[in-house]
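2 protein chains.
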Amino acid sequence: MNLRDIGEGALIRTIRERFSLSALTPEEGGALAARRVRAGEVHVGIGDDAAVFDLPPGYSAVFCSDLLAENTHFIRYLHPPDSVGYKSIAANVSDVGAMGGIPMHFLISLAAPGDLDFSWIEGFLDGVSRACRDFEVSLLGGDSSSSDRIFADVSIIGRVRSGQSVRRSGAKPGDAIYVTGTLGSSALGLERLKAGKVDDPAIRRHLYPEPRHRPGLAVADRAHAMIDISDGLSTDLTHIAEESRVSARIYKDRLPAAPGVEERHVLHGGEEYELIIIATDLPPTVEGIPVTRVGEIIDSGLENQVFLIDGAQESVLHPKGWQHFR
Amino acid sequence: MNLRDIGEGALIRTIRERFSLSALTPEEGGALAARRVRAGEVHVGIGDDAAVFDLPPGYSAVFCSDLLAENTHFIRYLHPPDSVGYKSIAANVSDVGAMGGIPMHFLISLAAPGDLDFSWIEGFLDGVSRACRDFEVSLLGGDSSSSDRIFADVSIIGRVRSGQSVRRSGAKPGDAIYVTGTLGSSALGLERLKAGKVDDPAIRRHLYPEPRHRPGLAVADRAHAMIDISDGLSTDLTHIAEESRVSARIYKDRLPAAPGVEERHVLHGGEEYELIIIATDLPPTVEGIPVTRVGEIIDSGLENQVFLIDGAQESVLHPKGWQHFR
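So the sequence lines, in the order shown, correspond to chains A and B.
According to this note's numbering, the residues represented by the first sequence are 11 to 336, in order.
According to this note's numbering, the residues represented by the second sequence are 11 to 336, in order.
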């Protein structure tokens, strides 16, 4: 059965039945309670022209989107469909976390060819469902379309305490630079997947990333600036430097490299979904996730750059992470 | 110059400079004042991990997305790029209007091939800019990616007075069925465009639709149910019937056909962005837009259907509007 056989109406009914807030099954597990509480704030869910929900008083809305395009972000015959579904949500949850926010509700706009087997859609929805559970978020709607290639765009709404959102632009000379978790394994996992391996920790990390929204929320009252590492440490730390009009100095031997990775994975690997946190003082773990101090923010000359210290050597770390259209 | 020459960084800088809330030029015209007022509610705009803004007290959030895929919704060499930009916003504004809401802020996720000429992007942004002005909405962020085909997904946030959102499910037997504006010209315009014509009122309507969010807001306190005609009258009125568990009866001679259109355009043509409003009594115009009473909601048997009355003949009007994956 492919999408053409199933038809758009049945596709939407399938999604609606599976993700309706009133149709939750006990298997939904931990997120169930959170969703039930939240259900009182959702007035209109999947199946109308738009969803309608409330934000609690004292919070601002956090709003972003992140898309996955076939042959750019994933290869249909290499990436399992549940990974595509899971990552599409995880990437957005990560962005909300990088603002110090709490992810809440999302929409999926999914385009796919009519000859796509429906099992791909079911796998994709399995990944979305698991992401709902893991991140305590809910699907409220979206759009579907036929197209020549698979394309999944997710937009998410979260909330952040009024005045507590953490921007990229707040880093100040003297601040310390922290990184959550470990670096390099998503890029290594992609290489291993392309080489034909199917299961190891790096591949699992690449396919099912763990966004750090809970640590991000926990440090929101102390962080001066924050960004998630989606394009690579070199690129994302340069974003902080540019937006804050400062420079950054990091020490190669302090970078928390994941097992088996090489220097290029650590410095430039994308889709890590770890956080770079700029703050004066953080404990060694936050919400159970290790936090490593890797350098400091320094005064900037004309250019806002990242410097890499390797023993007695200091060099400019140019952004060499992922760039589209190249 | 194509996208590959320009690069992702320069693309994002271009968009950011053009749509930054603080960089508005006097040419932005009527929307300027509205945006300035709104700017106080926007804490973080384009250029961070996510946008951050406030909803005024007493309002719920309205949240939806609508995507345009190349070769499905538009043909690159037939549809001007500013039409693609304009329609991508108009379709979402229409959905917010169909809930009785006020559109506010949107995100664009844009995927495009690296060899796409940058003039296409500039045209697309011209259309987005005009839509911002016409609909008093603002771009707060999004995502960009390379891909084999052009794909634009827009997600929008609007607001609706708490408890006043208008669903598809509130129609009751005895209610009247109203339609705003005229029907059929978008489908006719597409046919004329494909036939090589370049400029007439139907083509303009197809390329630059006028969503009815202002009439939608004006009737929100009186409408029992509402939907926008994006897939065609037959399909969208059937949605109302199914969600409200009623049937509908419409009179062919009362349907407000646009000049030059045929019956199939009126009954099944999509992308109209007119509203179907279910209410007890509406005036002949709302916010300057004609509103025509075309039939009534009736009790339903087992099936929730639409009946078309043509003189002494009555037949079931099956949903034959746009269906994806067919």
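Treat each hint with caution, since some may be false.
Since the list gives no way to pick one copy over another, a pair counts as held whenever it fits inside one copy or between any two copies.
[Unchecked claim] With a straight-line Cα cutoff of 25 Å, these simulated SDA-like cross-link-like pairs (lysine to any residue) come out:
{"id": "1", "residue 1": "Lys204", "residue 2": "Glu27"}
{"id": "2", "residue 1": "Lys207", "residue 2": "Glu18"}
{"id": "3", "residue 1": "Lys330", "residue 2": "Ile22"}
{"id": "4", "residue 1": "Lys182", "residue 2": "Pro269"}
{"id": "5", "residue 1": "Lys204", "residue 2": "Arg303"}
{"id": "6", "residue 1": "Lys204", "residue 2": "Phe317"}
{"id": "7", "residue 1": "Lys204", "residue 2": "Arg159"}
{"id": "8", "residue 1": "Lys182", "residue 2": "Pro90"}
{"id": "9", "residue 1": "Lys182", "residue 2": "Gly57"}
{"id": "10", "residue 1": "Lys330", "residue 2": "Glu252"}
Calculated from the structure, these hints are not laboratory results.
How the hints compare with the structure:
1. Lys204 - Glu27: neither (36 Å within a copy, 39 Å between copies)
2. Lys207 - Glu18: neither (35 Å within a copy, 31 Å between copies)
3. Lys330 - Ile22: between (41 Å within a copy, 17 Å between copies)
4. Lys182 - Pro269: Answer is neither: 32 Å inside a copy and 64 Å across each miss the 25 Å cutoff.
5. Lys204 - Arg303: neither (33 Å within a copy, 61 Å between copies)
6. Lys204 - Phe317: Neither way: Lys204 and Phe317 sit 32 Å apart in one copy and 56 Å across, limit 25 Å.
7. Lys204 - Arg159: both (20 Å within a copy, 23 Å between copies)
8. Lys182 - Pro90: neither (42 Å within a copy, 46 Å between copies)
9. Lys182 - Gly57: between (47 Å within a copy, 19 Å between copies)
10. Lys330 - Glu252: within (15 Å within a copy, 53 Å between copies)
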